[in-house]
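Letter by letter, the sequence shown follows residues 27 to 364 in the numbering used here.
Just so you know, not all the hints are guaranteed correct.
Claimed, not checked - Here are the in silico distance ranges between beta carbons for each label pair:
id	residue 1	residue 2	range
1	V238	F72	16 to 22 Å
2	V268	A358	41 to 47 Å
3	A310	F231	41 to 47 Å
4	V235	L316	19 to 25 Å
5	D128	A308	36 to 42 Å
6	R142	R327	26 to 32 Å
7	P129	I329	21 to 27 Å
8	A106	D213	25 to 31 Å
9	L317	R144	47 to 53 Å
10	L113	A208	31 to 37 Å
11	A300	R327	14 to 20 Å
12	I329	V238	16 to 22 Å
13	F95	N180	43 to 49 Å
Just so you know, the hints here were simulated from the structure itself, not pulled from any lab data. For clarity, every value in this text was computed on a predicted model and none was experimentally measured. Just so you know, even glycine gets a beta-carbon here, dropped at the ideal spot from N, CA and C.
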Amino acid sequence: MSPQAERNARKPAPPPRKEAPARAPRSRVPLAARIGGWRDQHFFSFFSSLGRLAARPWSSALTVLVLGFALALPLLFLLAFQNARDLSGGMRAAREITVFLDPGLDARAGEALAQRLRERPDVAGVLLRTPAEGLAEFRRLSGYNDALDALRDNPLPAVLVVTPADAAVGAAEPSLLADLRAEAAVDLVQYDVEWRRKLSAILAFGARVVVVVAALLALATLLVIGNTVRMDIQSRSEEIAVMQLIGAGDGFVRRPFLYAGSWYGLFGSLLALALVLAVQLALAGPLTQLLAGFGNRFEPRGIDLATALSLVGASTLLGWIGAWIATARHLAAGRPGA
């Protein structure tokens, strides 16, 4: 027997290979059960987050108060702008030229001038108001009946209300105004187009202010809710760590805080609507009386349903986003033991 064969005979035989145990088939959870579990988790987070807000009434109420005032301000700006736009709508839409005739002019001369102006292609219409009609209108609007009765003569002149044609608005206006001022029977021509243009510019600026204020206070709402949720996360950091150690996913950890942020946004928007409604009820009566003294029957506009629903939806969404940002920063720090 050769030495090589002798060495091979002395080597121990290799142990028999163990067969790997057959892997048990993975159990598949039915889709209905997964949907039911997802629904139950959302219901639990929905009500548990509301219960945690109720467990801290003072801090929750303070946060809601801050959000309510922050959301009420842009809504008040919006209502003020809408009412100012509605109030000035008639003034901006009106484009009549008021022509005051000479006080000594008789009615026939005034009617002849009105008829001559109606024949111009750049004039859409002319309305003649006699001194008697002007006095009756002034009496109705002013209420100074006793003072007017004491007058011996009617001091008001005849007035022509000239409406320019659509084609004359703009470039042809100066020519029409110059011709009216050149008439011998005309004492004064009043046309406040420049004032109306300035009013339109003011309203455009007001609209921009409303947008800027709303954007700034929306950002403030986002920061307030995000900071509130961040402090809540810090106070429950140990509880969150335990849940993560036993296998809770990021969605399970994040979900209650998302609902808490949404609750803050919802309650803040409802408080803002209540504040704006209180301001509206407090100011609507005096404003109506003030405008009635100037002969204006303007009815102030309030909060419509679309505006209220938009505020509630936007505020709730801001709360959700703020809470998501706060939880995302915490979860980005990593899991315990990772």
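Evaluated hints:
1. V238 to F72: 16 to 22 Å: This hint is violated: roughly 35 Å between Cβ atoms.
2. V268 to A358: 41 to 47 Å: violated (19 Å)
3. A310 to F231: 41 to 47 Å: Violated: the Cβ-Cβ distance is about 25 Å, outside 41 to 47 Å.
4. V235 to L316: 19 to 25 Å: About 23 Å separates the Cβ atoms of V235 and L316, which means 19 to 25 Å holds.
5. D128 to A308: 36 to 42 Å: Check failed, 49 Å falls outside 36 to 42 Å.
6. R142 to R327: 26 to 32 Å: violated (43 Å)
7. P129 to I329: 21 to 27 Å: With Cβ atoms ~50 Å apart, the hint is violated.
8. A106 to D213: 25 to 31 Å: 39 Å Cβ-Cβ, so the 25 to 31 Å window is violated.
9. L317 to R144: 47 to 53 Å: Cβ of L317 to Cβ of R144: about 34 Å, so the range 47 to 53 Å is violated.
10. L113 to A208: 31 to 37 Å: holds (35 Å)
11. A300 to R327: 14 to 20 Å: Taking Cβ atoms as reference, A300 and R327 lie about 18 Å apart, which means the hint holds.
12. I329 to V238: 16 to 22 Å: holds (21 Å)
13. F95 to N180: 43 to 49 Å: Violated, since F95 and N180 (Cβ atoms, about 56 Å apart) do not stay within the stated range.
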